[in-house]
Amino acid sequence: MKKKVENMLEISDKRVLKSPIERLRLWINSTLGYIFITPTILTLCLIVLIPILFSLSMAFFRFDLLRLNLGNPFIGLEHFAETLSNPLFWNALSNTMVWTISNVIFQLLIGLGLALMLNNKIKFKVIYFVAILIPWATPSAVAALIWRWLLHAEFGIVNAVALKLNIVSDPIAWLSSSWAMVWVIVARVWKEYAFCAIILTAALQTIPVALYEAAKVDGAGKIAQFFYITLPGIRSAITIATVLVAIGSFNGFNMIWMMTKGGPIRKTEILSTFIYQTGFEKYQLGTASAQSILMVFLLGFMVVFYIKRMNRGGS
Amino acid sequence: MKKILVIILFVLIIAISVFATGQKETEAKVIVNMWIYDEMASSEEKAMVQAAHDFEALNPGITIVFQNVPHRGLMDKFIAASVTGEVPDVVHVALAWSIELGAMGHAEVLDSYIGEDKQKELPKGALDSGSYRGKLYGLPWYIDSTALFYNKDMFREAGLPLPGSEPMNWEELLETARKLTRDLNGDGKTDQYGFAMRKGRGASIAWFPFFWANGGHLYTEDGLSPAFNSKEGLGAFKYLTDMYAEKVMPPGTIAYDTWDDVRNAFISKKMAMYIAGNWEIGPMTEGAEFEWGVAPHPKQKIRSSFLGGASFIIPSKAKNKEAAWKWIDFLTDAGSMKYLAEYDRIPARIDAVEAEHIKANPLFGAFAAEAVYAKSHASIYAGIIRSEVGVAFDEVMINNKDPKKALDDAADRVKKEMRPDLPGI
Chain B
7 MKKKVENMLE
17 ISDKRVLKSP
27 IERLRLWINS
37 TLGYIFITPT
47 ILTLCLIVLI
57 PILFSLSMAF
67 FRFDLLRLNL
77 GNPFIGLEHF
87 AETLSNPLFW
97 NALSNTMVWT
107 ISNVIFQLLI
117 GLGLALMLNN
127 KIKFKVIYFV
137 AILIPWATPS
147 AVAALIWRWL
157 LHAEFGIVNA
167 VALKLNIVSD
177 PIAWLSSSWA
187 MVWVIVARVW
197 KEYAFCAIIL
207 TAALQTIPVA
217 LYEAAKVDGA
227 GKIAQFFYIT
237 LPGIRSAITI
247 ATVLVAIGSF
257 NGFNMIWMMT
267 KGGPIRKTEI
277 LSTFIYQTGF
287 EKYQLGTASA
297 QSILMVFLLG
307 FMVVFYIKRM
317 NRGGS
Chain V
20 MKKILVIILF
30 VLIIAISVFA
40 TGQKETEAKV
50 IVNMWIYDEM
60 ASSEEKAMVQ
70 AAHDFEALNP
80 GITIVFQNVP
90 HRGLMDKFIA
100 ASVTGEVPDV
110 VHVALAWSIE
120 LGAMGHAEVL
130 DSYIGEDKQK
140 ELPKGALDSG
150 SYRGKLYGLP
160 WYIDSTALFY
170 NKDMFREAGL
180 PLPGSEPMNW
190 EELLETARKL
200 TRDLNGDGKT
210 DQYGFAMRKG
220 RGASIAWFPF
230 FWANGGHLYT
240 EDGLSPAFNS
250 KEGLGAFKYL
260 TDMYAEKVMP
270 PGTIAYDTWD
280 DVRNAFISKK
290 MAMYIAGNWE
300 IGPMTEGAEF
310 EWGVAPHPKQ
320 KIRSSFLGGA
330 SFIIPSKAKN
340 KEAAWKWIDF
350 LTDAGSMKYL
360 AEYDRIPARI
370 DAVEAEHIKA
380 NPLFGAFAAE
390 AVYAKSHASI
400 YAGIIRSEVG
410 VAFDEVMINN
420 KDPKKALDDA
430 ADRVKKEMRP
440 DLPGI
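Chains B and V supply the protein sequences, listed in that same order.
Reminder that position 161 of the first sequence reads as 167 in the working numbering, one-by-one numbering, no gaps.
Reminder that position 86 of the second sequence reads as 105 in the working numbering, one-by-one numbering, no gaps.
Be a bit skeptical, because a hint or two may be false.
A few chain B residues that face chain V, going by a derived Cβ cut-off under 10 Å, partial list only [what the hints assert, rightly or not]:
1) Glu28
2) Val132
3) Phe135
4) His158
5) Ala159
6) Glu160
7) Ile163
8) Val164
9) Pro177
10) Trp180
11) Lys222
12) Asp224
13) Thr266
14) Lys288
15) Gln290
Just so you know, the hints here were simulated from the structure itself, not pulled from any lab data.
Note that the coordinates shown come from a computational prediction; the quantities given were computed from them, not determined experimentally.
For each residue, glycine too, the CB sits at the ideal point set by N, CA and C.
Chain B on its own, in the form it takes in the complex:
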């Protein structure tokens, strides 16, 4: 054995000491791969890394489009201080929390319910599955318009039904009242719940049937089975779904922008619409960049905290 190793070393030593051409060949052999991926890496840097670094750096300069002519001085953390002392930022943040948490809870609950139903042996499963997917496949612009019409103050079907059932005495301008937040959440949950349903359905199918049979033999009821077999079995899927839904909602822009534009009176203004306005309506790109950095940190913190929590609970 020892001899064999020595032998190999000898061979490799000999190889290293070979002629210059051979050495060049070796060098090319080992670097050719890098040369081939260089264009890709450079392109990626150009279109991903540099813009990210650029927008990060913007937060520390004035970067006010309307005043670029007047110079663009380095101002340190001024944008951050300004943002944190802006009551409208805190309003947007608290709206974002309400929006994100409600979205996560309702999408998960509805998704879980549907997944449990679809996991049973039922007829025409495919049809149900497709039906569940329809809202998810609808473009958000279309979904937002549909909901706007459903909620229309004068011609909307929601008002018509509510009037018929005597829930309200006069038609309500839903999206122009304190109800706006409730309805944008409903609309978004309606559009997105299918995602959780699919992930959880897939997870449910990985739980071995034998576990349920064994539990049944041991005398566990349906509820006990759910809490001691089903939930632990799909725990990691729930974690992933929660994180993905939370990120999606936290950054969610389309539905709110197209349904209310953050109104009325900034009641549905979330961080993404707030930052959009700072950047593209007030042209304060520096401030908008600082706000985006705060937003990303906040989201990252929340996600890491949540995943740690879930992992600790599991062990």
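Starting from the known structure of chain B, arrange chain V on it as the hints suggest.
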């Protein structure tokens, strides 16, 4: 050996592709690239394409190339293009945008191009809307003004005389609106309202001309603070919100986001009057199944109307500025007013009433006449003022906030956005 060959080949390919792009075809003709919105040059039959052909016949060395760009997002797209330098030679922009682009340094100063004669041909309000700190950035092309649309049948049913060519003042308008607010079937519920406007940001469009008619100014004289919460501003603000509180406006007004919403309410006979611009003439003619008319915009101390429309800018990084100016000079000439007929637009010229399509349609005549009194809200902080006054309207109409407090708060929020080295006017 094979690998070395591959490398050489690879280097060759890159070298060839780099040099190939470096060689450019030399063009004898000057190309003027133009961004235009509202699909105004989307097909060969459009009048703008015809205008380009006529212009090219007069200027054989210049070719016009259109790019139809959606109105929404045009600003963002142009700003992004300006940063990279890939800009067209002429951009069709909304009237209120040109000074923002001028302040950003993305629009060419037009003072050295425009002659005195040309300036005299253009309405002052429109020229003002393109000027910031004594420099002209936008050349006005066509204008919109607002006036009072009314349902003639409802006036007759209520026994009211039809409005004449003299504008109503605020008291008269309110009285008329009250008389037109009626319970038609006797069930104790109002079926027909007197007046309506858009909500939020849209309500601020309704408010501006009332504010100016009341003698108000948007900024203090130095342009460093907002002044719209003055006595005049509050008067106009309260006049409109009181109409809503008194239920002379339909309760659904708080949901009228778009012009479509107000017009649909008018067409479905929800209310008798609303204020809007000449862009409504087309859809109204198509939609309304009753007799309607247009009366002058209500006045108070002076007459006023909301000036909108569009102008041209030449990007500061444009390649063919001289040719670009020739083209927009041609388009804003008296002889080019005919091209706007197809789009139902009023030329931004003092002699607009002389244009055939304006003469042919008295409705357009009414708006063209209004243009003399019309004023643009264009200024550096115009967008912010519109948003914040819009929030104030929502606060009062939805949350019953005190109007004075709402407007003062809006002014405070605008003040926070104003920068001392960038005056509003």
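Hint-by-hint comparison with the structure:
1. Glu28: violated (12 Å)
2. Val132: violated (40 Å)
3. Phe135: violated (36 Å)
4. His158: holds (7 Å)
5. Ala159: This interface hint holds because 4 Å falls under the 10 Å limit.
6. Glu160: Holds, because the Cβ-Cβ distance from glutamate 160 of chain B to chain V comes to roughly 5 Å (cut-off 10 Å).
7. Ile163: Result: violated, 15 Å to nearest chain V Cβ.
8. Val164: violated (12 Å)
9. Pro177: holds (7 Å)
10. Trp180: holds (8 Å)
11. Lys222: violated (55 Å)
12. Asp224: violated (59 Å)
13. Thr266: holds (9 Å)
14. Lys288: holds (6 Å)
15. Gln290: holds (8 Å)
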